[in-house]
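These protein sequences, in sequence, are chains U and G. Per the UniProt record's numbering: the first sequence = residues 1 to 202. Per the UniProt record's numbering: the second sequence = residues 1 to 326.
Keep in mind the hints are simulated off the structure, nothing from the lab. Among the clues, some could well be false.
What the hints assert, rightly or not - Simulated crosslink set (BS3-like; lysine-lysine; CA at most 30 Å straight-line):
| # | chain 1 | residue 1 | chain 2 | residue 2 |
| --- | --- | --- | --- | --- |
| 1 | U | Lys-172 | U | Lys-82 |
| 2 | U | Lys-172 | G | Lys-43 |
| 3 | G | Lys-70 | G | Lys-43 |
| 4 | U | Lys-172 | U | Lys-87 |
| 5 | G | Lys-195 | G | Lys-291 |
| 6 | G | Lys-43 | G | Lys-291 |
| 7 | U | Lys-172 | U | Lys-89 |
| 8 | G | Lys-291 | G | Lys-21 |
| 9 | G | Lys-21 | G | Lys-202 |
| 10 | G | Lys-21 | G | Lys-43 |
| 11 | G | Lys-21 | G | Lys-70 |
| 12 | U | Lys-82 | G | Lys-43 |
| 13 | G | Lys-21 | U | Lys-172 |
| 14 | G | Lys-291 | G | Lys-70 |
| 15 | G | Lys-195 | G | Lys-21 |
| 16 | U | Lys-82 | G | Lys-202 |
| 17 | G | Lys-291 | U | Lys-82 |
| 18 | U | Lys-82 | G | Lys-70 |
| 19 | G | Lys-291 | U | Lys-87 |
| 20 | G | Lys-291 | G | Lys-202 |
| 21 | U | Lys-87 | G | Lys-21 |
| 22 | U | Lys-89 | G | Lys-21 |
Said to hold, decoys possible - Sample of chain G residues with no beta-carbon within 10 Å of chain U, all distances over it, derived:
| # | residue |
| --- | --- |
| 23 | Asn-7 |
| 24 | Tyr-12 |
| 25 | Thr-26 |
| 26 | Asp-41 |
| 27 | Asn-74 |
| 28 | Ala-86 |
| 29 | Ile-97 |
| 30 | Thr-98 |
| 31 | Tyr-101 |
| 32 | Lys-202 |
| 33 | Phe-211 |
| 34 | Gln-309 |
None of these values were measured; they are calculated from a predicted model. Glycine residues also receive a C-beta, built at the ideal position from the N, C-alpha and C atoms.
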Amino acid sequence: MNGHAILYTGVTLAFWSTILIVGICYTIFDLGFRFDVAWFLTETSPFMWASLGIGLAISLSVVGAAWGIYITGSSIIGGGVKAPRIKTKNLVSIIFCEAVAIYGIIMAIVISNMAEVSSEHLLLIMIQKKRYSMFGAGLTVGFSNLFCGICVGIVGSGAALADAQNASLFVKILIVEIFGSAIGLFGVIVAILQTSKVKMGD
Amino acid sequence: MAELSFNVDHGYLEGLVRGMKAGILTSTDYHNLAQCDTLEDMKLHLQSTDYGKLLSSSEEDLTVSFVDSKLRENLVTEFSCLRSNALPPLSTFLDYITYNYMIDNVVLLITGALKQRDVEELLPRCHPLGAFDQMAAVGIARTPTELYSAILVDTPLAPFFQDAVSEINLDEMEVEILRSKLYKAYLESFHTFCKNIGGATKDTMCPILEFEADRRAFIITVNSFGTDLSSADRSALYPSCGKLYPEGLQLLAKAEDHEQVKAVADCYPVKLNTLAFMQQFHFGVFYSYIKLKEQESRNIVWISECVTQRQKSKIHNYIPIFQGTK
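Turn these sequences into a full structure, and let the hints steer you where they fit.
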């Protein structure tokens, strides 16, 4: 553990000192104009934002689903050695985690259908709204699915171990899991709302 | 954030040990066992629990010591199943559990060597959870430095010997002091290890270890009443990680008879081990499982002794572990 602590503190220190030194140099040499946020936002291609949104949507959702599945899966396997009856019932928890990844892929497909090259709409504001909406939608669904997957995984692991001890507990803990997976659904709903305006804005 | 990464390495083993905990005998089982008249009846009752296959597959005489050794063998099998699948830091944690038994084995062998007993006689009496490679050679050494430099340096007990080895000659009473010193070093090292892991492991293990440390302090005090161990020596033997540290230890060191000891002991909890199962994602479950299994073995042996000696009145003096609903 000592090695990890040294690594993390070293990396953080290097990062912040680089930023500090670069900032000081810019100030001293009167090069502050180079740090231009507006130039960055206007000159980057809109497709970068859209693609980032799509990438984040699917990748963060998959990370959340994978995290949840391994947390639940290892507990099911361990508990299933001494109580084999829990094996098939607890696959429901795994299915809840998998649903999170499916939300992510649906949103990625929906967003990518909107990222078309259209030469008719050259108004700057339209383009900006379009690309930022897509990025925002991707971010929303990605992070909400990430935490939803982790949540369902931890609850599912508890459900498996409790089921192994006492079979009547499983259904009660399943209700907790259903609430947990609802938060992933909230993320999908908000993301759809964000991107629906894009279509209407056309 | 322990829940996020605990299951990567240890999820399967935690599920396994919780499943094994479900097999610990409940109060209804103990009640049934207490009603038996002979050991054959007990064997019949035990067949319906997790111990089913153990006793039925042998032709030897069913004596109490046989039951005891079979139970112990069962515990060792389960423990080695856990240990062989464990990754660090769980493997270090499980090793710490075995050091306890290793210390007992070493002291047993040294005592046996002092009385000129054959090492081969003593080896089967050692606790199998504390076995290490150079056990047979321990009986041959004559002085502690020889013991240390030739044999113990290679075992995991080496760091615990460093404090103890400099002052001791091998004779009868000194061996107990050696055991106490080793145990003190072991407990403190275990306590620091659990604190470094932090989180839920620390929260559940540290009270258990502190209780163990206090219990050792009491035992040492009570045992030293009859001997001429000075109070300064005594305080050197107390493990310093208990709740009694430091004021209680000083009071204990000065105590001279039982009443004063009782005054020091207020109300300390007893059922710490079952509480460790209430939290998930930590190592305390492994330690508590081993201890509860041992307690169960002691209970079963107690009941079988009572049955064979036909002393039904004392049969309810065992300590029930779980108020079962099964």
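Status of each hint after checking the structure:
Of the supplied pair hints, the one linking Lys-172 (chain U) and Lys-82 (chain U) holds, its CA atoms being roughly 22 Å apart against a limit of 30 Å. Our distance criterion of 30 Å between C-alpha atoms is broken by Lys-172 (chain U) and Lys-43 (chain G), whose separation comes to about 38 Å. Annotation: proposed proximity of Lys-70 (chain G) to Lys-43 (chain G) holds, straight-line Cα distance about 12 Å (limit 30 Å). A hinted pair counts as satisfied when its Cα atoms are at most 30 Å apart, and Lys-172 (chain U) with Lys-87 (chain U) qualifies at roughly 17 Å.
Between Lys-195 (chain G) and Lys-291 (chain G), the direct Cα distance comes to roughly 20 Å. Compliance with the 30 Å bound is thereby established for this hinted pair. Annotation: proposed proximity of Lys-43 (chain G) to Lys-291 (chain G) holds, straight-line Cα distance about 23 Å (limit 30 Å). Taken as a hint, the Lys-172 (chain U) and Lys-89 (chain U) pair is honoured in the structure, with Cα atoms around 13 Å apart against an allowance of 30 Å. A threshold of 30 Å between alpha carbons decides the hint, and for Lys-291 (chain G) with Lys-21 (chain G) the separation of about 11 Å falls inside it, so the pair holds.
Proposed proximity of Lys-21 (chain G) and Lys-202 (chain G) is supported: the alpha carbons are some 21 Å apart, at most 30 Å. Taken as a hint, the Lys-21 (chain G) and Lys-43 (chain G) pair is honoured in the structure, with Cα atoms around 21 Å apart against an allowance of 30 Å. Straight-line distance between C-alpha atoms of Lys-21 (chain G) and Lys-70 (chain G) comes to about 18 Å, which keeps the hinted pair within the 30 Å bound. Taken as a hint, the Lys-82 (chain U) and Lys-43 (chain G) pair is honoured in the structure, with Cα atoms around 22 Å apart against an allowance of 30 Å.
In summary, the hint linking Lys-21 (chain G) to Lys-172 (chain U) is supported, as the alpha carbons are separated by about 22 Å, within the 30 Å threshold. With a C-alpha separation of about 17 Å, the suggested pairing of Lys-291 (chain G) with Lys-70 (chain G) holds against the 30 Å cut-off. Using a Cα cut-off of 30 Å, the hinted pair Lys-195 (chain G) and Lys-21 (chain G) holds, with the two alpha carbons roughly 25 Å apart. Restraint check for Lys-82 (chain U) and Lys-202 (chain G): the C-alpha separation of about 27 Å stays at or below 30 Å, so the hint holds.
With a C-alpha separation of about 20 Å, the suggested pairing of Lys-291 (chain G) with Lys-82 (chain U) holds against the 30 Å cut-off. For the hint linking Lys-82 (chain U) to Lys-70 (chain G), the alpha-carbon distance of about 20 Å falls within 30 Å, and the restraint holds. For a cut-off of 30 Å, the pair hint linking Lys-291 (chain G) to Lys-87 (chain U) stands: about 29 Å separates their Cα positions. Simply put, Lys-291 (chain G) and Lys-202 (chain G) have alpha-carbon atoms about 17 Å apart, close enough for the 30 Å limit, and the pair holds.
Pair hint Lys-87 (chain U) plus Lys-21 (chain G) holds up; C-alpha atoms about 18 Å apart against a cutoff of 30 Å. Annotation: proposed proximity of Lys-89 (chain U) to Lys-21 (chain G) holds, straight-line Cα distance about 21 Å (limit 30 Å). Once the 10 Å rule is applied to beta carbons, Asn-7 (chain G) is inconsistent with being away from chain U; the minimum gap is 5 Å. Chain U draws Tyr-12 (chain G) into its interface by the beta-carbon criterion, the shortest separation being 4 Å against a cut-off of 10 Å.
The non-interface label for Thr-26 (chain G) is consistent with chain U: the shortest C-beta to C-beta separation is roughly 12 Å, beyond 10 Å. The Cβ of Asp-41 (chain G) sits about 26 Å from the closest Cβ of chain U, beyond the 10 Å cut-off, so the non-interface label holds. Separation of Asn-74 (chain G) from chain U is adequate, the least Cβ-Cβ distance of about 14 Å exceeding the 10 Å criterion. Ala-86 (chain G), annotated as away from the interface, keeps every beta carbon of chain U farther than 10 Å; the closest lies near 12 Å.
Remark: the non-interface label on Ile-97 (chain G) is consistent with the geometry, its nearest Cβ contact in chain U lying 19 Å away (cut-off 10 Å). Every C-beta of chain U lies more than 10 Å from that of Thr-98 (chain G), the closest at about 22 Å, which supports listing it as non-interface. Separation of Tyr-101 (chain G) from chain U is adequate, the least Cβ-Cβ distance of about 25 Å exceeding the 10 Å criterion. Listed as outside the interface, Lys-202 (chain G) is consistent with that label: its C-beta sits roughly 14 Å from the nearest C-beta of chain U, beyond the 10 Å cut-off.
For Phe-211 (chain G), the requirement that its beta carbon stay farther than 10 Å from each beta carbon of chain U is met, with the minimum near 25 Å. A cut-off of 10 Å between C-beta atoms confirms that Gln-309 (chain G) is not in contact with chain U; the least separation is 35 Å.
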